[in-house]
Amino acid sequence: MSRHPQLNASGELRHLLTTEGLSATILQQILDTAESFVGVTERDVKKIPLLRGKSVFNLFFEPSTRTRTTFEIAAKRLSADVINLNMAVSSQTKGETLLDTVNNLAAMHADIFVVRHNLSGAAHLIARHVRPEIHVINAGDGWHAHPTQALLDMFTIRRYKQDFHALRVAIVGDVLHSRVARSQIHALTTLGVPEIRVIAPKTLLPAKIERLGVHVYHDMSQGLKDVDVLMMLRLQHERMQSAHLPSSEEYFKYYGLTPHKLALAKADAIVLHPGPMNRGVEIDSDVADGPQSVILPQVNFGIAVRMAVMSILAGAQS
Amino acid sequence: MLLPDAEQLLAGLIERLRPVITTDTVIVGIHTGGVWLARRIHDALHLSMPIGMLDISFYRDDYSKIGLHPQVRPSELPFSIEDRKILLVDDVLFTGRTVRAAVNELFDYGRPACIHLAVLVDRGGRELPISPQYTGAELSLPGNSMLELKQNENDRLSLELHLSNIKNDA
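These protein sequence lines map, in sequence, to chains A and B. Quick note on numbering: full-length UniProt numbering labels position 140 of the first sequence as 140, and the sequence is numbered without any gaps. Quick note on numbering: full-length UniProt numbering labels position 149 of the second sequence as 149, and the sequence is numbered without any gaps.
Only chain A is shown next, with the shape it has when bound in the complex:
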């Protein structure tokens, strides 16, 4: 197997599994293409014929209404046919293996699989086994990667801040369990962000995270100083029950983003969140709904970015 199972022989993107190892050229190509699709989402007929006759299968082995819906809208705006499969309650419970399921669906002439799975590596596994003319998009696998979320974050940052080479970016929250954080760090690094900080309690940071080239902070008052971009992470409720955190109140006190803490960042800093937000846990409503929040624009950009990814993949030659 080649080192980059995402690329074809001529170096074009044929699967999107992770932002790790993708060149700045490919990342910029996706962002540039997405820019054109933002225009499509703003006009009367929000549909273009690019993927007419193609079938996009949303394979969600883990429930996610929001991500699945944005992929569905993106595919429909490209004129593709979309088939949503809630795998959590279908064949998996009948004992069929993942690859048997995928082979079955491939036999129905799928063109693109959008895969969400609670196990890291599931999308890679599928990508390795499908016929070369089928394209796989990782919509989140375990704690590993969520590349389209990271790309829409990059798109949002570029829209508001233009040059990645002059930015100080802070990623705040549960980095340990976050596939989003890993994908963000790889994308930010490749796009040339000189200073990436992660801010979290020790229990929510993976060991040796510094190896990714990030600066580690455990204190918001130091970590947020002079930051241009704040990327908040969602704190999952199940972490409360485990030994990772004492309580959500205590987490909010130290790591919840309040207007007071946001004031430590640059005056024109922007705040991102992948959603769904836990108001009063990782983010205060005054910040989430405030003038520095770009959380709602992120949603619209997410559709354009997913349209860009699908149209680039489906156009790549097998």
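It is worth saying that the hints were derived from the structure and are not from the lab. Virtual Cβ for every residue (Gly too), placed ideally from N, Cα, C. Mixed in with the good hints there might be a few duds.
Quick list of simulated restraints, FRET-style, between CB atoms [to be verified]:
1. A/Leu119 x B/Ser145: 51 to 57 Å
2. B/Asp5 x A/Gln28: 33 to 39 Å
3. B/Asp83 x A/Asp226: 52 to 58 Å
4. A/Thr69 x B/Asn154: 48 to 54 Å
Given the coordinates of chain A, work out where chain B should sit on it, guided by the hints.
Showing chain B alone in chain A's frame:
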């Protein structure tokens, strides 16, 4: 072969358009050459409405063969095209596939009153029932050649002919 001077062709095309273009007409150029021409026609005729720009990459019929063009520029139509008279402008008319894609895209923005087509060069070789209303010149060129409009740093236009295996139809 000796190619005509693009600036002279454009001047002739503008004179042909002057008596027929009314103030309620909008000019829409197809990226890239068509946008250069649209801008020049717009300035010469002192039109008040801004020009529109179309990148037809998302409407091409060869996407499944050659994939997405790496540099897609956003289409911009800064006006409602509903019931509008549109002058569509492109540099070279060949197979007609680009114009087909452009007309399809325009209809996704609304229903124009009419669309007329102006091209700098009509080189024949049509594969679709498309015909221009206004033409700078008609040229007969070998089928495997590519005629390209260029713009230098002083915005001067010129035509270049490449003899090669053409991939992209004009």
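Hints versus structure:
{"no.": "1", "hint": "A/Leu119 x B/Ser145: 51 to 57 Å", "result": "55 Å, holds"}
{"no.": "2", "hint": "B/Asp5 x A/Gln28: 33 to 39 Å", "result": "38 Å, holds"}
{"no.": "3", "hint": "B/Asp83 x A/Asp226: 52 to 58 Å", "result": "53 Å, holds"}
{"no.": "4", "hint": "A/Thr69 x B/Asn154: 48 to 54 Å", "result": "51 Å, holds"}
The earlier numbered hints are all upheld by this structure, with none contradicted.
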